[in-house]
Each structure stands twice: as structure tokens, then as C-alpha cells.
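Peer 1: Order-wise, the sequence lines are chains Y and C.
Heads up: the first sequence begins at 1 in our numbering, then just goes up one per residue.
Heads up: the second sequence begins at 430 in our numbering, then just goes up one per residue.
Be aware that a few hints might be false.
Unchecked claim - With a cut-off of at most 25 angstroms between alpha-carbon atoms, the simulated PhoX-like pairs for lysine-lysine come out as follows:
1. Y:Lys-44 <-> C:Lys-567
2. Y:Lys-188 <-> Y:Lys-137
3. Y:Lys-42 <-> C:Lys-567
4. Y:Lys-205 <-> Y:Lys-137
Treat the hints as calculated values from the structure; they're not laboratory data.
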Amino acid sequence: MRGTELALPAPSRVASPKVRALRPVRAFRLARHAAGALWSQKGKAFLMMIGTAVGIMLLTAVVGLSAGVESRINEIMQAFGPRSMMVRAGGGQMMGMGGRAASGSTLKLEDVAAVRDRLADRAVVAALIMRDDIPIKAGDQNTQTDVMACDPNFPQAFDWYVASGAPLDEDDERSMARVCVLGATVAKNLFFDQDPVGQRILVNKVQFTVKGVLTSRGTNSMGFDLDDRLWIPLSTGMRRVFHVDSVRTIRLNVRDAKDIGPVGEEMTALLRERHRIHPGEDDDFTIRTPDFIAQRIRGMSRTAELVGGALAAVALIVGEVVLMNILLLSISERVPEIGLKRALGAGRRDIFTEFLAESILVSLLGMALGVLLGLIPVLVIPKLFPMMPMAVTWKTFAYAALFSSTVGAIFGVQPARRAAKLDPVEALR
Amino acid sequence: MIELRGLEKTYHTGGVDTPVLHGIDLDIEEGEFVALMGPSGTGKSTLMNILGCLDRATGGTYTLAGQDLTALDDNQLSAIRNRRLGFVFQLFHLLPRVSVLQNVLLPFLYTDPYPSDAKERAVALLKTVGLEDRMAFKPNALSGGQQQRVAIARALVNEPALLMADEPTGNLDSVASKEILDIFDRIHAQGRTIIMVTHETDVAAHASRVITLKDGRVASDVRRN
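Can you build the whole structure from these sequences, using the hints too?
Peer 2: Below is the structure:
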């Protein structure tokens, strides 16, 4: 030994060591050691994390879709009005909001008056008729637009007011005045930069005077231009333009969002009574609430979410079973290591912690890989298919972390227990 | 330092009792270098496992440095191994994936609180076994003798009261064996208590006391000097 002086420390005479619970510092030390063990068997660790990665990738996509749908619903609710409700003439199921088929003449002005009376303290009620693609003309400018005939409650019912000029009022309604209010797009199409207020236009060959122009609402989430509309008094519409004796829609703006449910039920009961509909018979009108619309859209995406979620769960579980078996295998290879560590003073709990940490770490790495892979469809699909909303939210990461560490812990327990149970004498043999 | 009183060990397998140790009474003083000898199957390994707190006796008492270890549970025995004992194995038992230095530091993974001078201690020990220029190497890059020297440094890093060696030269050639035994001599000269299992009388010649077991009993107990 080249004659070096041995400076060995004197034998220790420390007091009896106290046994205490695994402290966080120690658990961290063991976890770091476990990370080193994983690093030294990178290939195996990669195999172990693939299943988790695939599961989390699917989960990320599903959560992304779900978040995208929720934000789309939010946009639609905002456009529709979160406190709004629509009653349409005619029963039966109609898809989405776009069903504008002119059918049903069951809603009479008397119904509107009755609803308005009953709900006067809780909601603003406006009756409405809408017709698509009516030819309009100003000077030598011809175009087509949707014409809405609505009673004077329109601004309050839609929270939509004039930007210039004056709104349609009670006098216009009473006198069936030939006056109109223009949406911003119509105003621009007919008059460019000119002020439309006071100008004359032809609506379906009937002459009208422009009273005002509405504030711009822009395009809704379905790509429909809400400003491409023209508004006339309800009475004028019914008698002078469309020649009908019923309204198409009643729009309610409920003052307190909590009242939406009860108001809907009360209105249903009132209209059924007025229309003499017997119990068991279908309504001859359709009530549309923001909740209804939201559910409709959710229903469409739910199937995709369920299938994706089920696939994610299966992939995750299969992946973790693979992980568990690789871990079990690696434990039988590492028996001498376990024996050595026990001899050096590792308690059963230390061995358990090390192996559990390995499986949780592998799961977390798999999660990171899975989230990265899962973000690709979340970011790319909406670009390719604008109808398929997907969004990245914190939920993606929260769920991914939660699921992978939970599953990693659950499937890591058995191998870790097996490692911890090994008898040190046997293991060292 | 060590007091064994009526130490018994009986294995129960399949309803059959196999007694291995039949009441061993033994005192080992601090600073002794004991060689434990005897033919295989006489309970040497069993006795070493009990002395090393890896196994428990089924009868009698074991007192180490004034502390009765007979009734301790697995956790407490683990802590005793970690603080009071050092192990040197015939097959070295180094962790191949970490460096020589990390191997020496391994016992501290299980020590609370982690000693602030852990690294200094490990480096100092590697110097004393002549491996200061191999600290960053992986064990596989070392010769058998060098690996066993790393193992000795690891066994001493927690300043154990008792160093246990199970045929430490059993897997080494004569040159490496001599190096290792020289180190054991120097550890002994420092006053540390050593128990070493061996089959070879020339290895046992380094010890200050030779205990021979036969059929689970102490057959002879010879002190030198």
C-alpha cells in the first residue's frame, strides 16, 4: 500500500440511533437515487414510459377537445345572451340555432300579450318575425338581407341599441309606420359612408324611411353576420310586408339568470293552457334556453370525448401493466442490489420508496412525453378543421399529472412491495 | 463490545425445526480482530447474519456496545446496520451504475441527518485505501483488489463500531489478498473491532483471536499475543 499512513476514524460511540418516520429530505434523496437508477437503464425506462405516453397523449387530446367545445359554447352563449330565452312557433326538435324554417303559426299576438303580462316583473318580452333574403333597394343600390319585424321591446330584449338615429318606438308600432332600423352591414352596403338616417329605401317594394342604425355585433361563432339585418315594426311587418297573423319567435331577456328555469316552466304551462294542449300531447312551440343550446353542442362532442377518454384509459392501464411487469422483472435482476442496500441500512420502507419513486418517475416522464405528443393534434387540428374546436388549458397538465402519478403509484406499489419484502439474508446470497 | 448469551437459531421449514446455533456464549472486546472459522454448515453464516443485524436469533440475547438488540424490529435493526456496522463481502457488492465515490457514499442514503462532511469522509477513506485517482471511475473499470478496497472504504464511511467481513479475500488472487489483509491489519491497529469469516488459516493468522465453530457451538477460542 505504498506506505501511506492510515488515518482511519476512531470507532464511534454514538448514542442509540432513533428510528423515525421517513423524512421528506430522505424521501427526496431516495427519489434522486431512483432517478439515477432509471438513467442507467434508459432503454428499459423508455419502454416503461411508452404506454403512459400514449395514454396521456390521448388524454391531452380529449381534454383539449373538451376545453375547445366549452369555449365555443361560451362564445355562443355570449352571442345568444346568457339570460335570454327563445320561444318558437311549432313543436318538435330543431338542430342548433340555425333552424329558420318558416313553419308554424301557433304563436299569436294574444299569446305574446299573455306572456308579457305574466312575466312583466321578471323579463323583457319581445315578439319577432324573421324572413331571409328579402330584396331591398336604396337609390340604385340593390341587395338582399334578412328582415326582422319586432315590437318596441327589441332593444331591451336583445341588449342591442341604436348607434345613430332613433329606435323603433310605440308610436311606430301603433301606426304601422313604414320606418326601419338598419344593421351596420346593411347600412354600409346601401349607403357606404353616407348617413342613412332619414333616407328612403324599398323593402320588398314597400317604401320605408331609415330611423336609425344599430351598433355593430359582428360575426357570430357560426360565421353568421349579425349586422346583415334590417328591423321594422312588428305591426308593419305583419300587415304591410309579410301578411301574417302570427309571430315566429318570442324573445325573453330574463332580469335574473336564476329565473331562467322557472320562467321557462311557467311560460310552457301558460302557452299549453292557452293552446288547450292536453297532458301527454306535445308542445306546439319550442323553448330554447342557453342551457339547452349548450347541452346540444356538448352532446355532439360527448361521443368523441367518451371514445377518446376510454381509449386513453385503456392505453394508460395497458401501459402501466407493462410498466409494472418490467419493474417486477427488473427487481428479480436487482436482488443483489436490494440485499446490499439492506445491509447498508436501508429499511423496508426505504426500498419501497426507491422502487415506488422509480415507477412514479417513469410515469411522470411518460406524462411529459404524452403531453408533448398530445399538444400536436390540439394545436394542428383546429387549423385544419375550424369546426373542431380544441384548446390548451391548465386542465390538460393538471389531469395529465394527476392521472399519470396516480396510476404510476398504484401500479408501482406491487413491485415496490415485493422489493421491500425481500429477506436481506436471502437477497445477499 | 459484543455479548452473546445463550444465542440460539432454529429454522422452521415445512413444520420441521432445524437448529443451527445451540446456545452460543461469546464476549468480544473492543479492538479485537476475530477470525471466525469452521467447516461449512456449522452456523458461521447464521452467526454472522445475526451479528450483522440481518437476521434475528430465536433464543438468547445479543448486546452490542451496551445495547440489547434482541427485541428490535426491522426498522431499528436497519438503523443499527446503518450507524454501527460496516460490511465487506466476498463478492464486493458494489453498485455498478455509480462511481467509486458514490459507492462509498451509498450508506449515507439511509442516514438522517445526512452528514455535512460525507464527501470529505469518503474522499479521505479512498485516499487511505490508495484509490484517490479512481474516484470517478465505475467499479467495473477496477481490478478485483481495487473493488474490494472500495468496499472497505464504504464499510468504514459511517465509522462503524464493528466491521464485519465475510471471506473478503475469497475472490482475490494472492497479491490482491495480501493488500486487503494489510488494510485489515491497519484498521485493526487503529483500534476498530473486526469479525472476519474465513476458511484459510493463513488469512486467520492476521487476527488476534480465532474462534472455531462446530455444529452450532464454539469448538475452540484461541487468543494470540
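Peer 1: Now tell me, hint by hint, if it's right for this structure.
Peer 2: Going down the list of hints, with the structure as the test:
no.: 1; hint: Y:Lys-44 <-> C:Lys-567; verdict: holds (21 angstroms)
no.: 2; hint: Y:Lys-188 <-> Y:Lys-137; verdict: holds (13 angstroms)
no.: 3; hint: Y:Lys-42 <-> C:Lys-567; verdict: holds (17 angstroms)
no.: 4; hint: Y:Lys-205 <-> Y:Lys-137; verdict: holds (8 angstroms)
Hint violations for this structure: none, all hints satisfied.
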